[in-house]
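Engineer: Please build the complex by placing chains P, V and C on the supplied structure of chain U, with the hints as guidance.
4 protein chains.
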Amino acid sequence: MKKATLLINCPDKKGIIATVTNFILEKKGNTTYIEQHVDHEVGEFFMRLACEFDHDEEKFALFKKAFNEQIAIPYAMNWEMYNPKKAAKMAIFVSKYDHCLYDILSRHASGELHVKIPLIISNHPDLEAVAKRFNIPFKHIPVTKETKAASEATQLKLLEEYKIDFIVLARYMQIISPGFVDKYRNKIINIHHSFLPAFPGAKPYHSAYKRGVKIIGATSHYVTSDLDEGPIIEQEIVRVSHIHNVQDFILKGRDLEKIVLSKAIQYHLQRKVWVYNNKTVIFS
Amino acid sequence: MKKATLLINCPDKKGIIATVTNFILEKKGNTTYIEQHVDHEVGEFFMRLACEFDHDEEKFALFKKAFNEQIAIPYAMNWEMYNPKKAAKMAIFVSKYDHCLYDILSRHASGELHVKIPLIISNHPDLEAVAKRFNIPFKHIPVTKETKAASEATQLKLLEEYKIDFIVLARYMQIISPGFVDKYRNKIINIHHSFLPAFPGAKPYHSAYKRGVKIIGATSHYVTSDLDEGPIIEQEIVRVSHIHNVQDFILKGRDLEKIVLSKAIQYHLQRKVWVYNNKTVIFS
Amino acid sequence: MKKATLLINCPDKKGIIATVTNFILEKKGNTTYIEQHVDHEVGEFFMRLACEFDHDEEKFALFKKAFNEQIAIPYAMNWEMYNPKKAAKMAIFVSKYDHCLYDILSRHASGELHVKIPLIISNHPDLEAVAKRFNIPFKHIPVTKETKAASEATQLKLLEEYKIDFIVLARYMQIISPGFVDKYRNKIINIHHSFLPAFPGAKPYHSAYKRGVKIIGATSHYVTSDLDEGPIIEQEIVRVSHIHNVQDFILKGRDLEKIVLSKAIQYHLQRKVWVYNNKTVIFS
Amino acid sequence: MKKATLLINCPDKKGIIATVTNFILEKKGNTTYIEQHVDHEVGEFFMRLACEFDHDEEKFALFKKAFNEQIAIPYAMNWEMYNPKKAAKMAIFVSKYDHCLYDILSRHASGELHVKIPLIISNHPDLEAVAKRFNIPFKHIPVTKETKAASEATQLKLLEEYKIDFIVLARYMQIISPGFVDKYRNKIINIHHSFLPAFPGAKPYHSAYKRGVKIIGATSHYVTSDLDEGPIIEQEIVRVSHIHNVQDFILKGRDLEKIVLSKAIQYHLQRKVWVYNNKTVIFS
Chain U
1 MKKATLLINC
11 PDKKGIIATV
21 TNFILEKKGN
31 TTYIEQHVDH
41 EVGEFFMRLA
51 CEFDHDEEKF
61 ALFKKAFNEQ
71 IAIPYAMNWE
81 MYNPKKAAKM
91 AIFVSKYDHC
101 LYDILSRHAS
111 GELHVKIPLI
121 ISNHPDLEAV
131 AKRFNIPFKH
141 IPVTKETKAA
151 SEATQLKLLE
161 EYKIDFIVLA
171 RYMQIISPGF
181 VDKYRNKIIN
191 IHHSFLPAFP
201 GAKPYHSAYK
211 RGVKIIGATS
221 HYVTSDLDEG
231 PIIEQEIVRV
241 SHIHNVQDFI
251 LKGRDLEKIV
261 LSKAIQYHLQ
271 RKVWVYNNKT
281 VIFS
Chain P
1 MKKATLLINC
11 PDKKGIIATV
21 TNFILEKKGN
31 TTYIEQHVDH
41 EVGEFFMRLA
51 CEFDHDEEKF
61 ALFKKAFNEQ
71 IAIPYAMNWE
81 MYNPKKAAKM
91 AIFVSKYDHC
101 LYDILSRHAS
111 GELHVKIPLI
121 ISNHPDLEAV
131 AKRFNIPFKH
141 IPVTKETKAA
151 SEATQLKLLE
161 EYKIDFIVLA
171 RYMQIISPGF
181 VDKYRNKIIN
191 IHHSFLPAFP
201 GAKPYHSAYK
211 RGVKIIGATS
221 HYVTSDLDEG
231 PIIEQEIVRV
241 SHIHNVQDFI
251 LKGRDLEKIV
261 LSKAIQYHLQ
271 RKVWVYNNKT
281 VIFS
Chain V
1 MKKATLLINC
11 PDKKGIIATV
21 TNFILEKKGN
31 TTYIEQHVDH
41 EVGEFFMRLA
51 CEFDHDEEKF
61 ALFKKAFNEQ
71 IAIPYAMNWE
81 MYNPKKAAKM
91 AIFVSKYDHC
101 LYDILSRHAS
111 GELHVKIPLI
121 ISNHPDLEAV
131 AKRFNIPFKH
141 IPVTKETKAA
151 SEATQLKLLE
161 EYKIDFIVLA
171 RYMQIISPGF
181 VDKYRNKIIN
191 IHHSFLPAFP
201 GAKPYHSAYK
211 RGVKIIGATS
221 HYVTSDLDEG
231 PIIEQEIVRV
241 SHIHNVQDFI
251 LKGRDLEKIV
261 LSKAIQYHLQ
271 RKVWVYNNKT
281 VIFS
Chain C
1 MKKATLLINC
11 PDKKGIIATV
21 TNFILEKKGN
31 TTYIEQHVDH
41 EVGEFFMRLA
51 CEFDHDEEKF
61 ALFKKAFNEQ
71 IAIPYAMNWE
81 MYNPKKAAKM
91 AIFVSKYDHC
101 LYDILSRHAS
111 GELHVKIPLI
121 ISNHPDLEAV
131 AKRFNIPFKH
141 IPVTKETKAA
151 SEATQLKLLE
161 EYKIDFIVLA
171 RYMQIISPGF
181 VDKYRNKIIN
191 IHHSFLPAFP
201 GAKPYHSAYK
211 RGVKIIGATS
221 HYVTSDLDEG
231 PIIEQEIVRV
241 SHIHNVQDFI
251 LKGRDLEKIV
261 LSKAIQYHLQ
271 RKVWVYNNKT
281 VIFS
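Residue numbers (the UniProt record's numbering), protein chains in the order written: chain U, 1 to 284; chain P, 1 to 284; chain V, 1 to 284; chain C, 1 to 284.
One chain only, chain U, in its complex shape (with noise of 0.2 Å):
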């Protein structure tokens, strides 16, 4: 049997779900999970639906064929067929601070994360002992305000050249340029390390301790042209108190960064996140 997860986004529409499901029944196809979503404010219609086929490759070219034509443009559908068995290939940006490079490379020694590193980039040359004790390439690519436009493109060819299908920025201390993340939309997740909307921008902790607040977060995000307002993925929080002063606020957001970091890469391998408007559906 051949599993299969078919991906859909369109318009909503009555009949949806019986039209796709009564059609994977007759071409011999079982359904065998479906999650599915319909954001009634903006009548958008989503899907996530895993089936199997006992057929062989050809069939199964003709089945998506027939599924675009007979489904798929009838109902404007965004659709995708994908494939739980392929690994996609995943680059890594860092700057100075380890804990998240150490825990998705942990993660990922240990098998959790159904993935290719092929590439680390930084712009410090600081990491580069991290990524040889995990002997994953490292590359060194400094950036100034200067050299910043030279500098993407180096990093672009670099990911052009390793077939990257998406980026992390693993606490990289640099702001991507709006043309780089044009040719990455909804594939550059990044990691910011408060409770946004709450505190965007330089230095959370410290505004965040300033304020008095009694919880702080992390969020991971989209990246778009936008600071820190891409689509949200996965947000956790802790709770502080008095007693703990800016440094207390640094050391326990790691282990947020780390978890909240890790859960987003983990959803967008499982390609359980759909973007519109803005937002993320994460199913589950």
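In short, the hints are calculated from the structure, not lab data.
Mixed in with the good hints, there may be bad ones.
To be verified - If we take Cβ atoms under 10 Å as the criterion, some of the chain P residues that face chain C in the derived model are:
| hint | residue |
| --- | --- |
| 1 | Ala61 |
| 2 | Leu62 |
| 3 | Phe195 |
| 4 | Leu196 |
| 5 | Ile215 |
| 6 | Ile232 |
| 7 | Ile237 |
| 8 | Ile250 |
| 9 | Phe283 |
| 10 | Ser284 |
Where is the CB? At the ideal position from N, CA and C, for every residue including glycine.
Structural biologist: Here is chains P, V and C on its own, set in the frame of chain U:
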């Protein structure tokens, strides 16, 4: 448009979703939402499907008859078509603690709970004043070892008389006898003041304090004839530390109990709970 | 034995703890509990000290006089000796939402809050029925742009008449004018239905929904003349997802608001809150 | 200035705090922080006191001698003066699961843990590669029923040789014998993958799944000769639902285990844990 919610549980089989959604489409209905679960270990299928029809009551009855004959019987379905507008009738059993009772009656008065509360039953007279504040009939039925059977008979008669659909034990400090439980299978919701299966039985906060746990909890579950071992509907926890004594545990636990019990009531009212193998499937 | 709680705030200095505890020992008192905090960044010292004495009222007054002259003045202390047995007087301000009011009055009726509630004030008549259920005097004082000054004057007169110690805004939908706030500095507790500083001002649940956050929150704080920027007392959060619409946010938020506001009231009542630099120290 | 942390546990008695802080003041020391707890039920007093002195090593030794004679002996104190700058020596015991080991070694490499790790011991050879990545000596000591006594003797010899202060069982799947436990009383930290006292012993995730709980947890505790019944240091939980199978529980549990174990190690390292009556006092 008439809205209906279809609840289905049956052995897992190829094509169920397509068959059901297609049947609804053929009968001029529209499936607006599906939530579905398969327990692959035991091969059990669950579905909660919201749909709407524009036809009249008579045609609707015909639809149900046809669904039963053509779909439900062949698939060996345990099924129900449920009208989300109809309010169920709930009886509350209490003893002396008033916090859960206040919470339920306040939510009801605020319009949070789509339910009728025709009856409060207690083995003590203490909470009659609370019932009066909210204008709910209060029946004092004392229970002693000797009178237990007679008292339960009186309770059951009242429940029948008031056409009660389900019962909430809001810190009711009596064990319900198996005969009573059988009559309201999966229809008696209890709140236990521990994180089950830890600390079943009497005085769980005292036991938790003695054991030195760092987190305490509360659990709502359907009552079965095995004390505190029924299917769990909801659980919640709160952190404690060495500075808290048993009284603090009890006080902190009050909020937990209220939240957990009211969530369980809400899930039950909205028909989001399936029970099987002494566990629950809770649709969202 | 007479129990007393000593609250001290002063510039941090060598030997404060020893000096204070020694003074109490010399006066035949016993220090039973100390909670202490130093904000090293600003050099501020805070202490909450529970002690007991076996002497009479007259000696106790002498003790306070001696403490003031020999300890408090030399150390430039902001201090108070507080009798934990005395119940403070709290006024509740409401508008139309009833859930926080029900919660506070239920807790009061259950004996959870060691406080007197002589007065509920509202700019709408709607919640008089709730006040009546709990036998609390309810004053309807309408507020319009034109009558605002006069209405606040009426409110202030009532607060004085009833000897109110502090005010709880239990979803009171009016902005308190700076003159009013000045009279009850750090004595007006508000509940804001967002995770401040995110989403200050009106309709925070709508803004949170629009931003696509994965967690919503509620914040209790002392009211200052800057809207939603006063010192935070307590915050709590709950997870949301794409399946929840604004109405779901509002419903989930109700429980948050109740819990967070009641905790803030409890901390305030138990004199566990120190305010400085627009932040709070909350002793446990 | 020399900083020191004074740890005191003794029967509760009038005047302890004043006596201790006054003694420090007399000896030209400054008490900078006190955290204190009294368990009134059993009459036990606990204090963690940070102080600083400007005198030299010799005078410091005299201070300790004087403190012991004049304060500690009269009050029957169990006490210690601890130098927060000195790093303890920790051995890690593992079997085959690598996630906790990666987590501890990554934190250590990041500088989060103020500790030396001279030694990893395992009953399996599998994790040697992980140890090598972080350049920590790894000793493979197989354990079978027959060799258990000899293996433990070898382990104990190594622990002595490396002057190990305390041991962390990072998912070590062997029961430590009572004789071994006695030698490292309150010095062996275990991570158990359930919310104790629920689901002690083997395969707790499987038991939790079978019971249908809505929340799973992890617990770190000191090892005693009663399996999974030692004093609890830290616990944490995560929500689960019917959509999660045992494998999901195990995967979610990994993050819990890492967080809970690392917190317990941190508390232990910072000397914030007191053990009594099979419970812990954890200062903040």
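Engineer: Closer than 10 Å between Cβ atoms is the bar; does Ser284 (chain P) clear it against chain C? Give me holds or violated.
Structural biologist: Where the cut-off is 10 Å and the nearest Cβ of chain C is about 8 Å from Ser284 (chain P), the hint holds.
Engineer: Does the closest beta carbon of chain C sit nearer than 10 Å to the beta carbon of Ile232 (chain P)?
Structural biologist: This interface hint holds because 5 Å falls under the 10 Å limit.
Engineer: Against chain C, with CB atoms and a cut of 10 Å, does the hint on Ala61 (chain P) hold up?
Structural biologist: violated, 33 Å
Engineer: Does Leu196 (chain P) meet its interface restraint, that is, does its C-beta lie within less than 10 Å of any C-beta in chain C?
Structural biologist: At about 7 Å, which falls below the 10 Å cut-off, the nearest Cβ of chain C leaves the hint on Leu196 (chain P) intact, so it holds.
Engineer: Can Phe195 (chain P) be said to touch chain C, with a Cβ gap under 10 Å?
Structural biologist: With Cβ-Cβ at 6 Å, under 10 Å, it holds.
Engineer: Go through the hint on Ile215 (chain P) and say holds or violated, using the shortest Cβ distance to chain C against 10 Å.
Structural biologist: With a minimum Cβ separation of about 5 Å from chain C (threshold 10 Å), the hint on Ile215 (chain P) holds.
Engineer: Was the hint right that Ile237 (chain P) lines chain C, CB cutoff 10 Å?
Structural biologist: holds, 6 Å
Engineer: Given Phe283 (chain P) as an interface hint, is its Cβ closer than 10 Å to any Cβ of chain C?
Structural biologist: Holds. Min distance 9 Å.
Engineer: Hint validation: Leu62 (chain P) versus chain C, beta carbon distance must be below 10 Å. Holds or violated?
Structural biologist: Not OK, violated: Leu62 (chain P) not within 10 Å of chain C, min 34 Å.
Engineer: Do the numbers back the hint for Ile250 (chain P), that is, is its least Cβ distance to chain C under 10 Å?
Structural biologist: Violated - the Cβ of Ile250 (chain P) stays beyond 10 Å from chain C, reaching only about 15 Å at its closest.
Of the numbered hints given earlier, the model fails hints 1, 2 and 8; all others are met.
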